[in-house]
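Since the structure of chain A is already known, use the hints to place chain B on it.
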Amino acid sequence: MTLTELTDRLLEDLEAAFREALPQIRNAVLESGREFAHDMRHDLLRWQELAATGAISKEDLRWLVQSRADLAKLTALRDAGLARVRIDELRGRIARTIAGTVIDTVGL
Amino acid sequence: MCARNPTSRRLLFAAALIALLSAGCAPTISPYSHVAYQYGVDLKVDALRLMDDAEEPFTDHERRVERIRIELQKAFEFARGRPLNEHSTSQWKIMIDPENHLIGGFLARWESEKQLSRPFIAESQRLVATAFDRIIQLESGKIRADSDREETP
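Which chain is which? The protein sequence lines are A and B, in order.
In terms of our numbering, the first sequence opens at residue 86 and continues consecutively.
In terms of our numbering, the second sequence opens at residue 6 and continues consecutively.
These are calculated hints, taken from the structure and not from any lab test.
A few of these clues could be false.
Said to hold, decoys possible - To give an idea of the chain B side of the interface with chain A (calculated C-beta under 10 Å), a few residues:
(1) Pro32
(2) Ile75
(3) Glu76
(4) Glu91
(5) Phe111
(6) Gln120
(7) Ser122
Said to hold, decoys possible - Distance ranges between label pairs, derived from CB positions:
(8) Ala157/A / Asp58/B: 24 to 30 Å
(9) Leu89/B / Glu105/A: 45 to 51 Å
(10) Asp57/B / Ala154/A: 20 to 26 Å
(11) Glu116/B / Ala157/A: 23 to 29 Å
(12) Arg111/A / Leu53/B: 30 to 36 Å
(13) Glu116/B / Arg181/A: 52 to 58 Å
(14) Asp58/B / Ala184/A: 55 to 61 Å
Even glycine gets a Cβ: it sits at the ideal position worked out from N, Cα and C.
If we strip away everything but chain A, and leave its shape as in the complex, we get (with noise of 0.2 Å):
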């Protein structure tokens, strides 16, 4: 394999080491989003139907928003370390890939 070969199939490795990775990113991430959206939209409806039939509290009512928003909080951690393991999973892969044809080209 000439160097020129060498350069493109890692080019290609690469391309599609990336291509597998990315979507599964930023689809876990917009998942995420909806999914919070989703179950917000949800809490809130319930929380003023009970707050309207005096179940709970106004200041349970401010109480239980201000617990959405730390949750919330610890929803965008959980994405942003998991999107770190993808990545590191995508670097690990990418060095295995140049490794990997690295050594088939020179025939280790």
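Showing chain B alone in chain A's frame:
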């Protein structure tokens, strides 16, 4: 000095890429820890069970509250002591802070108001349960050593 022909450029590119990857291959987040995972699961069960009793006077459960506060603090300190573990540490910090509105805040409110209403407890339990799930999900999503692969879902 510039490499002008395509072959030299490719060679330089490949060398730079390999150098970059070799330098940057250290992980950016801590690996999975079974101890951290277990803290999350155990404390979720214990916290939800304790919250269930918040309709009763706080003084009747003061010892249990103190015990779980200590366990929560241990989980936070364990997370804080691990390298590259800022995300999990921040999660625990928010979770246990009495000024916030998850388990730490709930216990503080129970203490200051003496008793809480059933509908409020039920709604808080749902949020706190999900908050523990977020901590557990982050931990279980981390890269595992081979010895950890079969231990947890």
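Right, here's what the structure says about each hint:
1. Pro32: holds, 5 Å
2. Ile75: violated, 21 Å
3. Glu76: violated, 18 Å
4. Glu91: Result: holds, 9 Å to nearest chain A Cβ.
5. Phe111: holds, 8 Å
6. Gln120: violated, 13 Å
7. Ser122: With a closest approach of 7 Å, the Ser122/B hint holds.
8. Ala157/A / Asp58/B: 24 to 30 Å: holds, 27 Å
9. Leu89/B / Glu105/A: 45 to 51 Å: violated, 25 Å
10. Asp57/B / Ala154/A: 20 to 26 Å: holds, 24 Å
11. Glu116/B / Ala157/A: 23 to 29 Å: Hint holds: Cβ distance 25 Å, inside 23 to 29 Å.
12. Arg111/A / Leu53/B: 30 to 36 Å: holds, 34 Å
13. Glu116/B / Arg181/A: 52 to 58 Å: At 53 Å between Cβs, range holds.
14. Asp58/B / Ala184/A: 55 to 61 Å: This hint holds: roughly 57 Å between Cβ atoms.
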